[in-house]
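Chains as they are written, first to last, in our numbering: chain A, 1 to 316; chain B, 1 to 325.
Honestly, the hints are just simulated from the structure, not real lab data.
Beta carbons: idealized from backbone N, C-alpha and C, even for Gly.
Fair warning: there could be bad hints in the mix.
Quick look at which bits of chain B chain A covers, simulated, 3 or more residues with Cβ under 8 Å [what the hints assert, rightly or not]: (1) 53 to 61; (2) 67 to 75; (3) 131 to 142; (4) 150 to 162; (5) 269 to 278.
Derived contacts from chain A toward chain B, CB cut-off under 8 Å, selection only [as the list claims (entries may be wrong)]: (6) Val58; (7) Asn70; (8) Thr71; (9) Leu75; (10) Phe158.
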Amino acid sequence: MFSSTVIPTVGRSTLARSVESVLRQTVGRDQFEVVVVNDSDGPLVAAEWQQSKSVRIVHTRRRERSVARNTGAALARGRYLHFLDDDDWLAPDAFEHLWELARSRAAGWVYGHSQLVDRQGQAILRLRHALSGNCFVQAMAGEWVPLQASLIDADTFFAVGGFNPLVSGPEDVDLLRRVSLQSDLAVTPNVVACISWGAEHSTTDYRRHPEQSRLAREQILDRTGVLRRMRASAGSSYWRGRIVRAYATSLVWNVRRKHLMTAASRGVFSLVALLSAGLDVFSPDFWRAVSRPHASEVFNQGLREAGRLAPPLSRP
Amino acid sequence: MFCSTIIPTVNRPSLAGAVESVLGQSLPGEDFEVIVVNDSGGPLSAADWQRSERVRIINTQRRNRSVARNTGAAIAKGRYLHFLDDDDWLLPGAFEAFAQLAHSSHAGWLYGGFQLADNTGNVLCEISPTEAGNCFVELVASEWIPLQASFIQVSAFFGAGGFASLESLLGGYEDIDLSRQIALYHDFASTVATVTRIRVGDVGSTTNYSAMFKQNRMSREKALATAASFSRMRASASARPTGRGYWHGRIIYYYLASAWWNLWHRRPLAAASRGVHGLAGLAAATWALASPDFWHGLMAPHRNRVWTALEESNAHPYGTVIWEE
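Build the full structure now, drawing on both the sequences and the hints.
And the structure:
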């Protein structure tokens with residue numbers, strides 16, 4: 001089996017749309033499956049898609065999304081894992097593009113572009129992510145790739161330990177960081193997924209977001225080989241500046257929490273990153289990266305384009 | 001529901017015995033379930049127990065024990081989680097003993113006595129529980145509280161993030177690692193009842209015993225790197241009913257051994273941090289410095305209770321295994 005789509009749900013009414021968008025993919029039906037992880041306490045509302053042989057349903061007990069997704073992944077039979085949410089849906093030819101990419105490139109994570117839509121299904125903007133190859137420093141800086149538009153190699157997923165159940169909210173960014181620490185990314189310039197945007201009815205607790213994001217990042221900085229992988233992924237003076245900042249912000253965070261030895265370690269690493277930057281220290285880009293938080297260009301680019309946007313993708 | 005027993009299996013013939021030992025339990029007024037996680041990649045051989053309404057079977061795709069157990073835990077309905085292996089069995093009355101204990105204790109981890117048996121099922125020795133309360137230092141010392149004889153509160157289990165991925169622990173030790181992570185924040189409580197018979201011996205087992213030493217190191221480093229571990233370990237040593245001096249000596253040993261290990265692996269700053277903690281432990285020991293127990297704890301490797309019992313039974317099933325440096 002080539003891919004398994006894992007859809008964690010709390011029983012929202014949009015679930016049928018998500019599942020059907022997968023079942024209607026234009027590739028061989030026996031080559032993919034859908035694992036719906038019902039994390040609500042009650043039963044799912046009966047629907048036609050539940051009759052499909054390609055669908056399995058498993059019930060977890062309000063364990064949070066990461067646990068639900070890991071559970072679905074453990075049951076999945078596909079070589080690649082695809083994590084969709086119950087309010088998002090796939091473009092009809094999504095698997096065609098993603099599978100072709102997965103077959104032609106040795107990457108642990110392949111993905112395509114995505115379309116953000118509001119709660120009424122109206123197109124907001126298009127996300128044209130361009131991360132490709134070793135993107136570790138970009139991921140550490142907070143660049144993000146929607147899971148809905150991604151296929152993740154199942155062996156790679158389990159080798160990095162799956163989703164961290166102690167991180168909820170930025171668990172997708174955290175997974176991208178851990179995957180990109182040891183594997184490459186590949187992208188196809190086709191819109192493959194539609195993502196509902198907005199916090200309404202969302203189970204994500206965004207208030208816990210910054211602190212959990214920091215904790216998850218600290219755990220990654222503790223690993224060995226991080227500086228080497230970051231340096232290999234930094235292709236410009238801007239990104240080499242970001243390496244310095246990754247360690248410097250961690251230094252400040254650890255000092256505030258009185259983890260002095262860890263702080264000292266981060267200090268040493270930021271110095272090494274600074275000294276090995278060479279002539280970059282004369283570049284304004286380098287210092288812009290060191291002194292300011294990273295702002296992803298993907299959203300801005302999408303907003304600029306939104307004025308001349310094609311009609312929204314039809315809803316299944 | 002009171003408890004869920006989770007049995008990961010690779011379809012060994014002993015599975016039926018394990019499941020039936022659970023289905024034979026009685027739990028007046030409460031309910032329980034058995035979740036068999038078939039990680040064999042193929043179908044299970046048909047058996048009577050599969051018709052029981054209390055049993056659910058799920059199939060994972062040959063990932064590993066940690067993934068299989070975490071998956072079983074995620075779908076469990078019980079307030080307590082009990083992880084049994086497919087070659088072990090529960091003894092009659094086990095669930096009743098746990099139900100009584102849970103009634104009087106809010107500890108995150110409940111456990112009882114256990115028997116160790118060889119491959120043919122002969123009992124080699126019996127271990128009764130001694131640790132209770134804050135057991136952190138003993139678990140860091142690799143004392144083994146078997147999952148098979150334990151009931152873990154669901155919230156404590158998920159609060160610790162479940163079983164660590166086997167990759168992060170170089171392939172094993174995930175059970176002791178979980179007990180360490182839970183002991184960091186939760187107390188333990190025990191019942192004198194003997195609840196489980198555990199088969200030891202490496203025939204047909206998926207455990208790689210030769211890597212245990214490194215796995216223990218990875219797990220222990222993880223525990224020592226946690227900010228709360230020093231104070232939790234000291235509180236644990238002070239709370240021991242006997243041998244407090246010994247355990248305070250042990251704490252210093254663990255920090256200094258970790259300092260040395262980190263230095264050896266070119267992590268000088270982590271080494272410095274452990275060294276400082278070791279020295280702080282030494283300075284805080286004060287009166288204990290005069291006790292021979294303290295120096296014994298500091299110098300000699302810890303003798304694991306289960307291991308000692310097995311050695312005394314003259315039936316050591318593994319050969320020689322190094323547990324500590």
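Practice task
Check each numbered hint from earlier against the structure, then list the numbers of those it violates in ascending order.
Solution key: 3
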